[in-house]
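J.: Sequence:
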Amino acid sequence: MTATFTERLIGSLNAFFETVLHFLPGLLAAILILLLGLLVGWVLKTLVSRLLRVARFDRACDSNGITQVLDRADIRTPPSTLVGKGLFWLVFASFAMAGLSALHVGFVNQLIAEFFFYLPRVLSALLVLLVGFLLANFLSRAALLSAVNAGLPSPRLIALVVKLLILVLSFAMALEQLRIATSIVLAAFIIAFGAVMFGLALAFGLGGREVAKRALERQLDTRNDEAADGFSHL
Numbered sequence: 001m002t003a004t005f006t007e008r009l010i011g012s013l014n015a016f017f018e019t020v021l022h023f024l025p026g027l028l029a030a031i032l033i034l035l036l037g038l039l040v041g042w043v044l045k046t047l048v049s050r051l052l053r054v055a056r057f058d059r060a061c062d063s064n065g066i067t068q069v070l071d072r073a074d075i076r077t078p079p080s081t082l083v084g085k086g087l088f089w090l091v092f093a094s095f096a097m098a099g100l101s102a103l104h105v106g107f108v109n110q111l112i113a114e115f116f117f118y119l120p121r122v123l124s125a126l127l128v129l130l131v132g133f134l135l136a137n138f139l140s141r142a143a144l145l146s147a148v149n150a151g152l153p154s155p156r157l158i159a160l161v162v163k164l165l166i167l168v169l170s171f172a173m174a175l176e177q178l179r180i181a182t183s184i185v186l187a188a189f190i191i192a193f194g195a196v197m198f199g200l201a202l203a204f205g206l207g208g209r210e211v212a213k214r215a216l217e218r219q220l221d222t223r224n225d226e227a228a229d230g231f232s233h234l
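Under the working numbering, the sequence shown has 12 at position 12, and the numbering climbs by one with no breaks.
Please note that the accuracy of each hint is not assured.
Said to hold, decoys possible - Label pairs and their computed distance ranges (CB to CB): (1) Arg-76 x Leu-27: 14 to 22 Å; (2) Leu-129 x Leu-157: 18 to 26 Å; (3) Gln-68 x Ile-31: 41 to 49 Å; (4) Leu-35 x Val-148: 52 to 60 Å; (5) Leu-164 x Leu-90: 23 to 31 Å.
Note that these hints are calculated values from the structure, not bench results.
All residues carry an ideal CB built from backbone N, CA and C; glycine is no exception.
Make the full structure from the sequences, and use the hints.
T.: Structural data, given as structure tokens:
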């Protein structure tokens, strides 16, 4: 009985050490991949941040209102540095997933495959949100200037509505890129867009009456003055 117990103990220890020896190369490879990811991420972060500063990316963000949004969120880091840090964590996460795959664990490999499959969609959604934010700021300013020049009522409200519409559209497009409840998001956007457009049309209809009245009065006064000048020459 003692021999049987000893054999079982030795067999268990041998199996344990075989498992460790089988797992150890993958663990060392994972550590090396993580270290390489830290190095590559740091190099890319430094390079991209400097290139963006040379290209005056921070000044462009300031003129487009991005810096003001970051200040409201109590984020004092320059946009060029934020982009560099974001790139660093993206690169490090990719290397971390590759390092985990070196461990040859079944569910981890499946998780990594899903991560890399979903990553392009996340990047596309972020790009859509960024472009939508820039476009919303540009179009809202253009709408504000146009409304002021045209003498329309509540020009700031018009600019705000334009900005919100662009942002909501960008958010819906980003969710569509992520394949998150596409039909629900589309239906909600159509309903919200229709409601906003109806309210905007109603506001223009009610508030624009005075503008149209003043424009017609100015036109009639101009014609009356021209007619009076014509009679005076006679």
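J.: It remains to establish, for every hint, whether it holds in the given structure.
T.: Verification of the hints:
1. Under the hint 14 to 22 Å, the C-beta atoms of Arg-76 and Leu-27, about 40 Å apart, miss the expected range.
2. Distance hint check: the CB atoms of Leu-129 and Leu-157 are about 24 Å apart, consistent with the given range 18 to 26 Å.
3. Taking 41 to 49 Å as the suggested C-beta distance range, the pair Gln-68 and Ile-31 conforms, at roughly 43 Å.
4. Range check, Leu-35 to Val-148: about 58 Å between beta-carbon atoms, so the 52 to 60 Å window is met.
5. Leu-164 and Leu-90 have their C-beta atoms about 30 Å apart, which keeps the hinted 23 to 31 Å range intact.
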